[in-house]
Each structure stands twice: as C-alpha cells, then as structure tokens.
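Residue numbers (the working numbering), protein chains in the order written: chain V, 7 to 250; chain B, -13 to 190.
Some clues are possibly wrong.
To be verified - The calculated DSS-like cross-link candidates involving lysine-lysine, where the alpha carbons are at most 25 Å apart (straight line), are:
| hint | chain 1 | residue 1 | chain 2 | residue 2 |
| --- | --- | --- | --- | --- |
| 1 | V | 90 | V | 52 |
| 2 | V | 8 | V | 136 |
| 3 | B | -6 | V | 187 |
| 4 | B | 141 | B | -6 |
| 5 | V | 213 | B | 141 |
| 6 | V | 52 | V | 136 |
| 7 | B | 140 | B | -6 |
| 8 | V | 187 | B | 140 |
| 9 | V | 213 | V | 136 |
| 10 | B | 70 | B | 102 |
| 11 | V | 81 | V | 108 |
| 12 | B | 141 | V | 221 |
Unchecked claim - Derived contacts from chain V toward chain B, CB cut-off under 8 Å, selection only:
| hint | residue |
| --- | --- |
| 13 | 80 |
| 14 | 181 |
| 15 | 204 |
None of these hints come from the bench; they were simulated from the model.
A virtual CB, placed ideally from N, CA and C, is assigned to each residue, including glycine.
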Amino acid sequence: MKTVEEIRAAIEAALPGAGVEIVPNPSVSGQHSLRLRPSSAVEVAKFLRDDEELALDFLSNATGVDWPDKEVTEKVKVTRTVRKTVDGVEQTAEEAVEETRKRVEPGCLEAVYHLFSVARGHGPVVIRMKTVNRTDQVELPSLTPIWRSAEFQEREIFDLYGIVFSGHPDLRRLLMWEGFKDHPMRRDYVEPDDFEYEPTAHDDVLKRAVAHQAKQLEAAGTAAGAAGVGAGVAAGREGTGAGA
Amino acid sequence: MAVDEGLKIELGKQGVLVTTIEELYNWGRRSSVWPMQFGLACCAIEMIATTMARYDLARFGAEVFRPSPRQADLMIISGTVTKKMAPQVVRLYNQMAEPRYVIAMGACAISGGPFKQGYNVLKGIDRYIPVDVHIPGCPPRPEALIQAFMLLQKKIDGQHLTGPDRPRFLDAEAQGEFPVPVQGEHDLEPASNPGVWTVPVVIR
Chain V
7 MKTVEEIRAA IEAALPGAGV EIVPNPSVSG QHSLRLRPSS AVEVAKFLRD
57 DEELALDFLS NATGVDWPDK EVTEKVKVTR TVRKTVDGVE QTAEEAVEET
107 RKRVEPGCLE AVYHLFSVAR GHGPVVIRMK TVNRTDQVEL PSLTPIWRSA
157 EFQEREIFDL YGIVFSGHPD LRRLLMWEGF KDHPMRRDYV EPDDFEYEPT
207 AHDDVLKRAV AHQAKQLEAA GTAAGAAGVG AGVAAGREGT GAGA
Chain B
-13 MAVDEGLKIE LGKQGVLVTT IEELYNWGRR SSVWPMQFGL ACCAIEMIAT
37 TMARYDLARF GAEVFRPSPR QADLMIISGT VTKKMAPQVV RLYNQMAEPR
87 YVIAMGACAI SGGPFKQGYN VLKGIDRYIP VDVHIPGCPP RPEALIQAFM
137 LLQKKIDGQH LTGPDRPRFL DAEAQGEFPV PVQGEHDLEP ASNPGVWTVP
187 VVIR
C-alpha cells in the first residue's frame, strides 16, 4: 500500500489545493493519519474511495475525540532594557530574561475514520477532521454519502461528542434519549449526582459519595449533621487506608 | 390451617391424601411459572442456555417463554438496564397480570454492575419494581438461574392466601401499578420509586 506521503501526493495531484495535512504518529505503530480540510473533505473522500490504486471501499470505524481547552505554560526569552550603574556611570544594557507565560490553546472536536480496501486487501488509512472549536462551530461534513457504514457511527459521534454532521441523512441521537442535554463523552461532562448508595465505593467514587452525603445532610439543615459529615469523611479515608 | 406432618404421612400410607387449598393452589402456581421472553444483554444468553436441553428449565415447569407480558408470570431481568430501556421495563412489568414475580439476573440488573458509574446505566432495577430474587454473577451460570428459580418456587410455596402477610395480588389495598420513570435532561426522574426502594444506610 502507498504510504501516507504518497497518498497525500496523489490527493494533491488529483485535487490541487485540497489542503491535506499529515498528522505523524510518533509511537511504534507509526500509523500516521491524514487531516482533511472540512471544506474539501467530501471530494477527497470520494477520491480515496474511487481511485483505482487506493480503492478504499470500506469504512470500518468512525469515532470522535474531544480536545479540551489546554492551558500551556512556556518559558520565553525576552530581552529587556535594564539601567545599571557600572563604575559610577549610569548605563543602559540589554539583558536576556526568561519569562513564564500562560496562554490557552483553544480546544476542538475531531472525527477519526479508519478506511480499508476490500478490493485491494489493504488498509487502514486513517483520516481525521477537526472542528473550529467545541462550542458553537462544531460542524463537519458527513461522509455518509460516500461510505454508507458511517451513518450510525456518525450518529453516535453526534450523540456522545456533539459534532454536527452536515449532509447526514438522519442525524438523531443514537444511544441517549431524545431530550437528553449535553454530550456524555466530552471531557467536561458532569454526571448527575446519583451517588446516594455506593456500598463498595473507592477513590473518586468514594469522594463523590461522601460529597453527596454531605449535601443531603446540608439540605436537612442541621449543624450536628455537618459535624457528622466531617467525621464521616475522616472515617471514609481511614477506611480506604485500612482496605489498601 | 396446617395439617400435622406426621398425621399426613400416616394417612398417606393408608391411601388417604390430605391437603389444604392453600397447598394445592401454591403447588399449581409454582409448577407453571411462565417467564416472559425478554432478554436485555449477555445474561440473556445464559438464560437461553438454561432453557435448552442441557440445563432444561422445563423440569421446573417454566419451559414456556411467553412473548407477551399478559401471559407471563415471571420477568427475568437478564442484563444491563440502561436508562433508555428502564421505562420500558417498568411498563412491561405493569402490563403483566398478577401474580407476577421478578428475578434480577446478574450484576448489572441488581446494581449496575461494571457499568455502575456509567452515564447511561440504571443502578439496579429494584429502584423501580419489586424484585423477588437477586442473582449475582457476571453472567450467572445456568445453575445459578435454576437456583434462583427454585428459591422463587420456595417463596411461592410459603405464601399464605389470607392474613396480613398475604401476597400483593390478594391484597385489594396494595399498589398494583408502578410509576414509569420519565427520561429527564440528564437522568431518570424520579431517580427511584420510594415505595419500592429506600436508600440503604452505608456505614463507612
């Protein structure tokens, strides 16, 4: 099979300006992928399917990835003008100073497709598409018209990640019910607080169960109850310590 | 009225059968408990295996799996109950005619099991409908289901037709229909039926 570089070259030759990027995979598998530009994705997908040599006629898997907003701390070298007194004479000098800066890298949602060729017996070729952000510009072109097997998987991605596939014939929730809010596979999804009965809680679940208990007692509104919660938290921690 | 066991055996030796209406009635009921043909997940495969020749649930009078809740006596909750499916399970239970029984089969049906902290799995069907027998296991072996079935038969055998501990279907005051939970924005509403399930106290 062609390498990703060759596939990219073939795409560029057939569809100039398609803007396909290679996303390298540094791991041992070395399974590099191609990132398509949403505006030209459908044409590129059609090419991948219909090209004689590639003939990627089978979409085996489509999934989503959530990339949350990331806070990056980096050290930047800045040159600063500093006034110095050298031998009683005041001078201005340039000095290189390291400064730590924080910036927020905006997150996005990504759809990943794995393609195989049944006719040629090769694969997988991994293609990806990225949304602009995670909140309001979450549209991507649907690849269901190209590969019919994407239909349910795109519905699932829509359900769990919230990517809206334009051109999808029947975009409804697949696993969750109509009227469900949020997308449960997103990193910032908060589950409902249903930790009222956790007989074998540990780690994170134990924390949440104790917090739930505290909230219940607070709702009951007793000062004695609040004290009891404090004791309960301590006992809970001791309990886990002993268990481990 | 209970018959003295010794006297019963003695009379039996003489060819006289002594019994009570209650005994006869419960014997009849426990010997033909028809389950509903209804599977939810992988536990259903074990349930199917239980009915086949090797384990042969027919020995206990339960070979007929009815495809309609109207004709079934027993609901085997065999598998994960998702929050999307739970209202349908309660609705099916409501449609069953009394007397009706429930076996919660497997870790998922009794507590949510390995999916307990998932966003879409109900933490045990006993939050919405009364469960007679819980079987742990993931999935339970057919022997475990047969044991649950025998426990249920024992329970039916022990039910009195009159008195304060008579079963629900003989109590005109008892609640017959169980409220079907509504699918809310994040969870089922209400999260449990307080008439069936109360939060057990956990001592940590």
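Given the proposed pairing of residue 81(V) with residue 108(V), does the C-alpha separation stay at or below 25 Å? Within the cut-off at roughly 9 Å; holds.
Going by Cβ atoms only, is residue 204(V) closer than 8 Å to chain B? holds, 7 Å
Take a quick look at whether residue -6(B) and residue 187(V) sit within 25 Å of each other, Cα to Cα. The given pair, whose Cα atoms are some 65 Å apart, is violated under the 25 Å limit.
Closer than 8 Å between Cβ atoms is the bar; does residue 181(V) clear it against chain B? Give me holds or violated. Nearest chain B Cβ about 7 Å off; hint holds.
What's the verdict on residue 213(V) and residue 136(V), does the C-alpha distance respect the 25 Å limit or exceed it? violated, 35 Å
Taken at face value, is the distance from the CA of residue -6(B) to the CA of residue 140(B) at most 25 Å? Distance of about 20 Å is within 25 Å: holds.
Within a Cα-Cα threshold of 25 Å, do residue 52(V) and residue 136(V) meet the stated pairing? It holds: about 18 Å lies between the C-alpha atoms, which stays within 25 Å.
Sort out whether residue -6(B) lies within 25 Å of residue 141(B), counting only the CA atoms. It holds: about 22 Å lies between the C-alpha atoms, which stays within 25 Å.
Residue 90(V) paired with residue 52(V) [C-alpha distance capped at 25 Å]: Violated: residue 90(V) and residue 52(V) sit about 67 Å apart, past 25 Å.
Between residue 187(V) and residue 140(B), does the CA-CA distance stay at or below 25 Å? Judged against 25 Å, a Cα distance of about 46 Å means the pair is violated.
Are residue 80(V) and chain B close enough, Cβ to Cβ, to be under 8 Å, as the hint says? With a minimum Cβ separation of about 35 Å from chain B (threshold 8 Å), the hint on residue 80(V) is violated.
Quickly compare the C-alpha distance for residue 213(V) and residue 141(B) to 25 Å and report which way the hint goes. With Cα atoms ~39 Å apart, residue 213(V) and residue 141(B) exceed 25 Å; violated.
In this structure, the hints that do not hold are numbers 1, 3, 5, 8, 9, 12, 13, in rising order.
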